[in-house]
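Participant: What follows is the residue order along each chain.
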Amino acid sequence: MTDFHTRVAESREHVQPRWTCEREREIHFRVLRAAERRKPRFVRRAALLCMALVACAVLWQGSRFGSTASARLERLRPMNAPLLVLADGSAVRVKQPETRLSNLRVVPDSVSLELVTGAARFEIAPNPRRHFQVRAGTATVTVLGTVFEVALRGDELQVTVERGRVRVEHGAREHVLDAGEQLTWSVRAVPSKPPPAPALPESPAQDARRASAKPAVKTARETPAADARKSDWRELAVRKQYDAAYELLSASGFAAVGNDAGDLLLAADVARLSGHPMDATPLLQRATQLGAHDARAGLAAFTLGRVLLEDLGQPARAASAFRKAYALAPRGPLAENALRREIESLRKAGQHDAAELKLDEYRRRFPSPGR
Amino acid sequence: MRSSRAELEMVQRRSAQEHAGTASLDPDYLFRSHARYVAAIAHRLLGRDQDVDDTVQEVFLIAVRGHSSIRDAQAVRGWLARVTVRVARRRLRARRIRGFFGLDEASAYDRIADGAASPEQRALLTQVYAVLDRVPCDARVAWVLRHVEGERLEDVARLCGCSLATAKRRIAQAERLLDEAFTHD
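Chains as they are written, first to last, in my numbering: chain B, 1 to 371; chain C, 1 to 185.
It is worth saying that the hints were derived from the structure and are not from the lab.
Ideal Cβ positions, reconstructed from N, Cα and C, are used throughout, including at glycine.
Accuracy of the hints is not assured; some may be wrong.
[What the hints assert, rightly or not] Per the computed footprint, the stretches of chain B lying under chain C, defined by three or more beta-carbons under 8 Å from a beta-carbon of chain C, are: (1) 6-20; (2) 23-35.
[Stated by the list, open to error] To be clear about the criterion: a stretch of chain C counts as covered by chain B if any three or more of its residues have a C-beta under 8 Å from a C-beta of chain B, and this derived list gives those stretches: (3) 29-40; (4) 81-91; (5) 124-133; (6) 139-151; (7) 165-172.
[To be verified] Over the 10 Å line for every Cβ pair with chain B, so calculated as not near, a few chain C residues: (8) D49; (9) R65; (10) A94; (11) A108; (12) D179; (13) E180.
Working from the sequences, and respecting the hints, build out all of it.
Facilitator: Set out below in structure tokens:
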């Protein structure tokens, strides 16, 4: 070994990075965040591949029986056997011998089918990038990641949610059902004006008698004109025509949106997706204030945090919103993200000490992040 | 501060995982145990403290995605070292391309050594890394692993993913350039 090598060897112990706990935590946090961002990309690719496989299978089956893929998918299997299984584990099972399903359409970002008659059970894996819709009569059930049953008996539609949430739409009516809730609606004729609010029993056993027996309740504020306006912007919003919906909403005033979490969240979506995030914040704040009265308050608080952080650049207020989202549902599906986003917001707001404390809490609460 | 109960639960879980031989494959544990080690390798290979964070992040992102493919928990450290070398080599090449187009700031390696180094050691390391900037990336990585990291030749070859003969040739190539530079100096 030469003198040069000896000198290098003696010096190498001094070639060390300035490694501190703070720096390690910072990088760990960045790794967690980046890993979380990359995950959906893989999931999206896998979902697209699965959809393509299912579409091919349906096309093949359709041609085998001499009909087009999207035209007919009638019950040909024993009850409770999966009629349709997507590769992500989502499954559709028939519940009654007379069940008929048709008009299956599978495209990368949506799956839709029609329940002609009978009852079917849907076990849908959560996937925010894919819409899963079931049409039953003139009503539409949009899946938000769940296990639920839909039954259509004559004019009567019954939706029972076992796990997760679904949105049921019929004409201008719309309702989000949570786990354990059941809804019964008459669905053959599209109502010309909004019908009474549907009953939302606390348990499936209570639902049937309540759903049909509950009288219509209409507030004094809801004049026919207001009803028409309301249904207009909501219909536009549901059709994703946010700019047009925003014009209608802003003309009538955002303050006119009722104290219903679904309405407030939809109106907030209209505002932020039409490029007016500032108008979304008071709506989300109102939805957040519903608190214990509505399970969607946590979602509203989380959305408020995102708007404040990403659209309005107000990290300190965003941190507060994420904190509230976490407090409202500390064991909910958004809890981990809410806490993580709060840390991110605190860092951006320059509140590093508070961020450190939250990071400790995060590590305690989620020792294996993202699992 | 962690509560004693949470700490206890974590220790119990870790103990169970260790018993099952899977503790070092948990991504969180992986980071906490090996981040400093990965940072040290990255620092020595790249020579710039400011590049270390991004390298460590990239290495552990790869680790998060690929840790499930590791069968032997004992091999994690070596695997992380190989990933670090690969990532560092890629960054060195990118740095060189940026430099070619005048987009990379000239490196000042005066902060390569820690505070405990003597002025002579600091000067030597600064000079060595300045010369290494002119050495081809593969040769630079092999030389640093051999003489700064202190790895055996077999380990240099394994970390670089090449044969022993290739590793020796790369080290010799770097040697020549360093000899020339220090002889002229």
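Participant: Does each hint fit the structure? Answer for all of them.
Facilitator: Tested hints:
1. A count of 12 residues in the stretch 6-20 of chain B with a Cβ less than 8 Å from any Cβ of chain C is obtained; the coverage claim is therefore met, three being the minimum.
2. Counting residues of the stretch 23-35 of chain B whose C-beta sits closer than 8 Å to any C-beta of chain C gives 9, which meets the bar of three, so the coverage hint holds.
3. Residues of the stretch 29-40 of chain C with a Cβ under 8 Å from some Cβ of chain B number 6, which satisfies the need for three, so the listed coverage holds.
4. Chain B is given as covering the stretch 81-91 of chain C, and this is violated because 0 residues of the stretch bring a CB closer than 8 Å to a CB of that chain, at least three being needed.
5. For a cut-off of 8 Å, the count of residues in the stretch 124-133 of chain C with a CB near a CB of chain B stands at 3, and the three-residue condition holds.
6. Proximity of the stretch 139-151 of chain C to chain B, defined as three or more residues with a beta carbon under 8 Å from a beta carbon of that chain, is established by the 4 residues found.
7. Closer than 8 Å: that is the beta-carbon criterion, and the stretch 165-172 of chain C has 0 residues meeting it against chain B, so the requirement of 3 is violated.
8. The beta carbon of D49/C is not kept farther than 10 Å from every beta carbon of chain B, the shortest such distance being approximately 6 Å.
9. With a minimum CB-CB distance of about 8 Å to chain B, R65/C fails to clear the 10 Å threshold, and the non-interface call is violated.
10. Every CB of chain B is more than 10 Å from the CB of A94/C (nearest about 18 Å), matching its label as outside the interface.
11. With a minimum CB-CB distance of about 15 Å to chain B, A108/C clears the 10 Å threshold, and the non-interface call stands.
12. At roughly 8 Å, the least C-beta separation between D179/C and chain B is not larger than 10 Å, which violates its mark as non-interface.
13. Every C-beta of chain B lies more than 10 Å from that of E180/C, the closest at about 12 Å, which supports listing it as non-interface.
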